[in-house]
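Number of protein chains: 2
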Amino acid sequence: MPTFRAPVQDTLFVLNDVLGYERYSNLAGFSDASPDVLEAILAEGAKLAENVMHPLNRVGDMEGCVRNDDGSVTTPKGFKEAFDQYREGGWMGLAVPVEHGGQGLPYTVHSAVGEYMSAANMALMMYPGLTQGAMAAILVHGSDEQKATWLPKMVEGAWTGTMNLTEPHCGTDLGLLRSKAVPNGDGSYRISGQKIFISAGEHDMSDNIIHLVLARIEGAPEGVKGISLFIVPKFKLDASGNPGARNAVSCGSIEEKMGIHGNSTCVMNYDEAEGFLIGEANGGLKAMFTMMNEARLGVGLQGLAVSEIAYQNAVAYAKDRIQGRSLTGPKAPDKKADPIIVHPDIRRKLMTMKAFNEAGRALVLWTAINSDVAHRSEDGAERQAADDHMGLMTPVVKGVLTDKGFEHAVMAQQVFGGHGYIEEHGMSQFVRDARIAMIYEGANGVQALDLVGRKLGLNGGRAVQAFFKEVGEFCEANRGDEQMAPYTKALKKGLNDLQAATMWLVQNGMANPDNAGAASTDYMHLFGLVALGYMWGRMAKTAQDKLATGANGSADFYETKLVTGRYFMERVMPETSAHLARLSTGSATMMALAAEAF
Amino acid sequence: MPTFRAPVQDTLFVLNDVLGYERYSNLAGFSDASPDVLEAILAEGAKLAENVMHPLNRVGDMEGCVRNDDGSVTTPKGFKEAFDQYREGGWMGLAVPVEHGGQGLPYTVHSAVGEYMSAANMALMMYPGLTQGAMAAILVHGSDEQKATWLPKMVEGAWTGTMNLTEPHCGTDLGLLRSKAVPNGDGSYRISGQKIFISAGEHDMSDNIIHLVLARIEGAPEGVKGISLFIVPKFKLDASGNPGARNAVSCGSIEEKMGIHGNSTCVMNYDEAEGFLIGEANGGLKAMFTMMNEARLGVGLQGLAVSEIAYQNAVAYAKDRIQGRSLTGPKAPDKKADPIIVHPDIRRKLMTMKAFNEAGRALVLWTAINSDVAHRSEDGAERQAADDHMGLMTPVVKGVLTDKGFEHAVMAQQVFGGHGYIEEHGMSQFVRDARIAMIYEGANGVQALDLVGRKLGLNGGRAVQAFFKEVGEFCEANRGDEQMAPYTKALKKGLNDLQAATMWLVQNGMANPDNAGAASTDYMHLFGLVALGYMWGRMAKTAQDKLATGANGSADFYETKLVTGRYFMERVMPETSAHLARLSTGSATMMALAAEAF
Numbered sequence: 000m001p002t003f004r005a006p007v008q009d010t011l012f013v014l015n016d017v018l019g020y021e022r023y024s025n026l027a028g029f030s031d032a033s034p035d036v037l038e039a040i041l042a043e044g045a046k047l048a049e050n051v052m053h054p055l056n057r058v059g060d061m062e063g064c065v066r067n068d069d070g071s072v073t074t075p076k077g078f079k080e081a082f083d084q085y086r087e088g089g090w091m092g093l094a095v096p097v098e099h100g101g102q103g104l105p106y107t108v109h110s111a112v113g114e115y116m117s118a119a120n121m122a123l124m125m126y127p128g129l130t131q132g133a134m135a136a137i138l139v140h141g142s143d144e145q146k147a148t149w150l151p152k153m154v155e156g157a158w159t160g161t162m163n164l165t166e167p168h169c170g171t172d173l174g175l176l177r178s179k180a181v182p183n184g185d186g187s188y189r190i191s192g193q194k195i196f197i198s199a200g201e202h203d204m205s206d207n208i209i210h211l212v213l214a215r216i217e218g219a220p221e222g223v224k225g226i227s228l229f230i231v232p233k234f235k236l237d238a239s240g241n242p243g244a245r246n247a248v249s250c251g252s253i254e255e256k257m258g259i260h261g262n263s264t265c266v267m268n269y270d271e272a273e274g275f276l277i278g279e280a281n282g283g284l285k286a287m288f289t290m291m292n293e294a295r296l297g298v299g300l301q302g303l304a305v306s307e308i309a310y311q312n313a314v315a316y317a318k319d320r321i322q323g324r325s326l327t328g329p330k331a332p333d334k335k336a337d338p339i340i341v342h343p344d345i346r347r348k349l350m351t352m353k354a355f356n357e358a359g360r361a362l363v364l365w366t367a368i369n370s371d372v373a374h375r376s377e378d379g380a381e382r383q384a385a386d387d388h389m390g391l392m393t394p395v396v397k398g399v400l401t402d403k404g405f406e407h408a409v410m411a412q413q414v415f416g417g418h419g420y421i422e423e424h425g426m427s428q429f430v431r432d433a434r435i436a437m438i439y440e441g442a443n444g445v446q447a448l449d450l451v452g453r454k455l456g457l458n459g460g461r462a463v464q465a466f467f468k469e470v471g472e473f474c475e476a477n478r479g480d481e482q483m484a485p486y487t488k489a490l491k492k493g494l495n496d497l498q499a500a501t502m503w504l505v506q507n508g509m510a511n512p513d514n515a516g517a518a519s520t521d522y523m524h525l526f527g528l529v530a531l532g533y534m535w536g537r538m539a540k541t542a543q544d545k546l547a548t549g550a551n552g553s554a555d556f557y558e559t560k561l562v563t564g565r566y567f568m569e570r571v572m573p574e575t576s577a578h579l580a581r582l583s584t585g586s587a588t589m590m591a592l593a594a595e596a597f
Numbered sequence: 000m001p002t003f004r005a006p007v008q009d010t011l012f013v014l015n016d017v018l019g020y021e022r023y024s025n026l027a028g029f030s031d032a033s034p035d036v037l038e039a040i041l042a043e044g045a046k047l048a049e050n051v052m053h054p055l056n057r058v059g060d061m062e063g064c065v066r067n068d069d070g071s072v073t074t075p076k077g078f079k080e081a082f083d084q085y086r087e088g089g090w091m092g093l094a095v096p097v098e099h100g101g102q103g104l105p106y107t108v109h110s111a112v113g114e115y116m117s118a119a120n121m122a123l124m125m126y127p128g129l130t131q132g133a134m135a136a137i138l139v140h141g142s143d144e145q146k147a148t149w150l151p152k153m154v155e156g157a158w159t160g161t162m163n164l165t166e167p168h169c170g171t172d173l174g175l176l177r178s179k180a181v182p183n184g185d186g187s188y189r190i191s192g193q194k195i196f197i198s199a200g201e202h203d204m205s206d207n208i209i210h211l212v213l214a215r216i217e218g219a220p221e222g223v224k225g226i227s228l229f230i231v232p233k234f235k236l237d238a239s240g241n242p243g244a245r246n247a248v249s250c251g252s253i254e255e256k257m258g259i260h261g262n263s264t265c266v267m268n269y270d271e272a273e274g275f276l277i278g279e280a281n282g283g284l285k286a287m288f289t290m291m292n293e294a295r296l297g298v299g300l301q302g303l304a305v306s307e308i309a310y311q312n313a314v315a316y317a318k319d320r321i322q323g324r325s326l327t328g329p330k331a332p333d334k335k336a337d338p339i340i341v342h343p344d345i346r347r348k349l350m351t352m353k354a355f356n357e358a359g360r361a362l363v364l365w366t367a368i369n370s371d372v373a374h375r376s377e378d379g380a381e382r383q384a385a386d387d388h389m390g391l392m393t394p395v396v397k398g399v400l401t402d403k404g405f406e407h408a409v410m411a412q413q414v415f416g417g418h419g420y421i422e423e424h425g426m427s428q429f430v431r432d433a434r435i436a437m438i439y440e441g442a443n444g445v446q447a448l449d450l451v452g453r454k455l456g457l458n459g460g461r462a463v464q465a466f467f468k469e470v471g472e473f474c475e476a477n478r479g480d481e482q483m484a485p486y487t488k489a490l491k492k493g494l495n496d497l498q499a500a501t502m503w504l505v506q507n508g509m510a511n512p513d514n515a516g517a518a519s520t521d522y523m524h525l526f527g528l529v530a531l532g533y534m535w536g537r538m539a540k541t542a543q544d545k546l547a548t549g550a551n552g553s554a555d556f557y558e559t560k561l562v563t564g565r566y567f568m569e570r571v572m573p574e575t576s577a578h579l580a581r582l583s584t585g586s587a588t589m590m591a592l593a594a595e596a597f
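Chains A and B, in that order, give the protein sequences. Heads up, the first sequence is in numbering that gives the first Met the number 0, so the first residue is 0 and it goes up one at a time. Heads up, the second sequence is in numbering that gives the first Met the number 0, so the first residue is 0 and it goes up one at a time.
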């Protein structure tokens, strides 16, 4: 059975020491989560994740969700009780503004705890996770009345939410969607159509389910310009605002999936269900992106989270399993063989995962802090810069952390040899669960295109230039520091590759957009490496400073950081040149064949 | 539902045109498989794979194998009947010498057909696949009597075979194994112990199961020098050589696995079962490697096979699914959207898989021809060179084709978006099935160590030098050829990287073997890229010659080859520099942390 320990010390290192969490105490909510409180919240979240969520992870995988004949869905044993503890602990509304019943704490804290929860039980955490996305849409685009009607119960966790975008014939290309909305004349609409792949679409964990549904108002323009977003509750509300009559929305079936069995992925049928327009008519895409951006960061976090728990279990196995002898002579001569952690190729796997997880965590938290600044700062320039950063990093966090998260789940499974392929060890579940994160909320190819086709050029490239400047200045500022050389040299080399790739895109992507598409995935990963490398640069700098000024008994911790960061520079960063070389070859060969030639 | 079409034309191109199959007509068996006969055999094998094996692939995944209360195992519906057709078609003994009841045809032909079969139904094909390994051990190490006793029925397929190596506490490190053998005094032994992960260990598809079991004869030395190999039949033979009384070997349970559900992976319990020593006492490791080398090539073939079928289905989906518009303007203006094959990032995936599959097929067939030469040539020098090649390429074929095969199954699944994550489309099965190939018959880390630690230095590096020479001469011979420049330049660059990496290993691996271990996986993949790149060089040369001398109506086929090869050079080969850069950093950082620091 897998185990899990929330990496609290590491989160605190990143927040307090690397990112200077205290510097943000002027932002709303931050003063309520002072470093002491922060530590207490993380410890509490860790306990819930480790002791309540994690023990149900394998149960969820084995039992899955069951659709009953009446269309109701039964979730795995224990899921409802665990979710009860989650909502009673106030985790659902942690970062929701106080005026809507939340605690108004930083989104950063929500993200930090979110990693632990998703690592412990990704499928279970999708129920509250989707609710976060739905709440975000209502918060941003809902009328005051809608906020008052729907949010408090969602913040409580008494009601959960979903996002209904995909239809059988359309996912990425929402312009094709057919679900339709007919006005009732009283401000409400009748929604009809079929949605598929609806996570947490139907289940037994909450008193009501608030579906946010994309549909086309009768007579609306074709394409994405004719899409609107609707609130469609499972149960209509009675006069006092409580769940009353059943709405005409039902779960037609649940999908048999590769993983996340504990989450009910539903085909949802809308048959003139009562719905309420949220935001402007035909402005659904914008509202959808509010949910989506929230969700994309959450999915990136899932990639990191599964990578972390898979890594932890690979480490435990590598220390425990004895097999063969170290190439440099026995390390455990009292035993019949050495633990496999002595073998370089096992180390390579563990170090690769460790170096990624720690930088990935820093990248997520850095982006989360920027989200808080973007939403809460009173300084317009600061807000803009933070918002730029968020927009730029969202596809990188989603695309890179989930691609790598999956890769590392596979790597961790490999450490187990044949035992990794057997379901009872749980490593297969990590791989199967992690796989979806590369697909949903915009497949990673779509993230890459978002980065290259939209985010790069936005506002004349303001966001990307700011990022280059920051990384460049970091390298420059530490240029004279001998001890920092292993980090800054590799980072600078990566940055050069990224800038060259950007220049290539500018020069070749305009003339032929296929060049941009052909470069996109390599560019996104190149970008991710530089962002993660920069996180390592900053973490190394912090660790070095701590060691120089007195490590307070944590010298081992900081020394380990320095080694892990060096590993990242030596073994992971070289990939930047391969990405640059590949993307520079353009689209001509890639696009040369006729479809029939495949 | 997935579909499958055996790539017969491509196999013929590689064998006839690239590798010059006819040149080997002097070898035993080759004259019986003249180009005409070869084509007929491939067509026949393709039919069986497409029409009989493939339709059962998903059935096998869904039903899995069931162990009944009496210890018997029921295979999925239809498996036995399909296997009946396989054995009745004579496929089991295709390459087995005529004197043992086989057809004595080239191993090359067996491999070519094997790809189709494994692509069509990997789990089903493991039953005959393991039998091939068991037969190889008996053929090479068995006494004449043993050959006469066991082989004919196995060649017929009336009996199947297994390989029993792994025990709960030992897989890679067979020196730890505990199963024991006590002499009965009459030449037979009593075998006791527990074996795990035994593929095809118990099932209902054959009249007897011939287990080849590693065990330690009482009083034998510790470690691998005290291991012997035994034949342990499920049913003892009666006086007339037919299955009689049940032997004391039984299936204790079957494993619940991530994939290959159609194959029964058993815990086998030996309780003083009657067994017969094969080969010399304490010489089991050598005999084991005979099975293992055979099996490793077979597993590499599985990697390629799953990559091929996954690719084919991704292509079909990419042509059929409409979503979004081409970045360069609508390509199917009559439809509401373009087929997704117009999108560069989808192309990138398809081209990557296609370019790999075609080179992988060439590499497998080239190695298979070398196997035939090594076993059948009358020229000692030729035999030695071919055997060198086989030894060198075995870990590369196993390690690289299975790592990449899995990666491509994942890539093909990604083309399907959310639909790829749903079991009904079958893409998940390809991923789950392909995953095991990276693990069994020696995890890929062990393959890399075999390459770096054993094969490179063997006979003063004779094998690797011959390979470098051949590739170098190919580049040199085509240096003046303008049209070949895109291929030879990239290949030469890759070869230079590989030679630099080899030099680095020579200089650093001796002094500190951890450097070799730390470099091993990168080195193996670097080696694989050059080997695959060389295959592309030769395929491009052949295609170009064909086009120049009259393509006989196949101009499109050859043009497509040239484009696909160019893609490989542009987009896949750049990885060689990253491998070199990584491995050149050595083991110091990787090994620096104490185990507790993880």
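Honestly, the hints are just simulated from the structure, not real lab data. All values derive from a computational prediction rather than experimental measurement. Among the hints, a few may not be true.
[Said to hold, decoys possible] Some chain B residues judged to face chain A by a derived CB distance under 7 Å, without partners named: (1) E166; (2) G170; (3) T171; (4) L175; (5) F196; (6) L284; (7) A315; (8) D319; (9) G323; (10) V562; (11) E569; (12) P573.
[Said to hold, decoys possible] Pairs of lysine to aspartate or glutamate, DMTMM-like flavour, derived with a Cα cap of 25 Å: (13) K335/B - E217/A; (14) K46/A - E98/A; (15) K76/A - E254/B; (16) K334/B - D172/A.
[Unchecked claim] So these bits of chain B aren't anywhere near chain A, every CB distance computed over 10 Å: (17) D69; (18) G88; (19) V97; (20) D344; (21) A384; (22) D480; (23) T584.
Cβ coordinates follow ideal geometry from the N, Cα and C atoms, glycine included.
Comparing the hints with the structure gives:
| no. | hint | verdict |
| --- | --- | --- |
| 1 | E166 | 11 Å, violated |
| 2 | G170 | 5 Å, holds |
| 3 | T171 | 5 Å, holds |
| 4 | L175 | 6 Å, holds |
| 5 | F196 | 5 Å, holds |
| 6 | L284 | 14 Å, violated |
| 7 | A315 | 9 Å, violated |
| 8 | D319 | 11 Å, violated |
| 9 | G323 | 4 Å, holds |
| 10 | V562 | 5 Å, holds |
| 11 | E569 | 4 Å, holds |
| 12 | P573 | 4 Å, holds |
| 13 | K335/B - E217/A | 19 Å, holds |
| 14 | K46/A - E98/A | 28 Å, violated |
| 15 | K76/A - E254/B | 24 Å, holds |
| 16 | K334/B - D172/A | 13 Å, holds |
| 17 | D69 | 24 Å, holds |
| 18 | G88 | 31 Å, holds |
| 19 | V97 | 37 Å, holds |
| 20 | D344 | 4 Å, violated |
| 21 | A384 | 30 Å, holds |
| 22 | D480 | 19 Å, holds |
| 23 | T584 | 4 Å, violated |
Hints 1, 6, 7, 8, 14, 20 and 23 from the list above are not met by this structure, while the remaining hints are.
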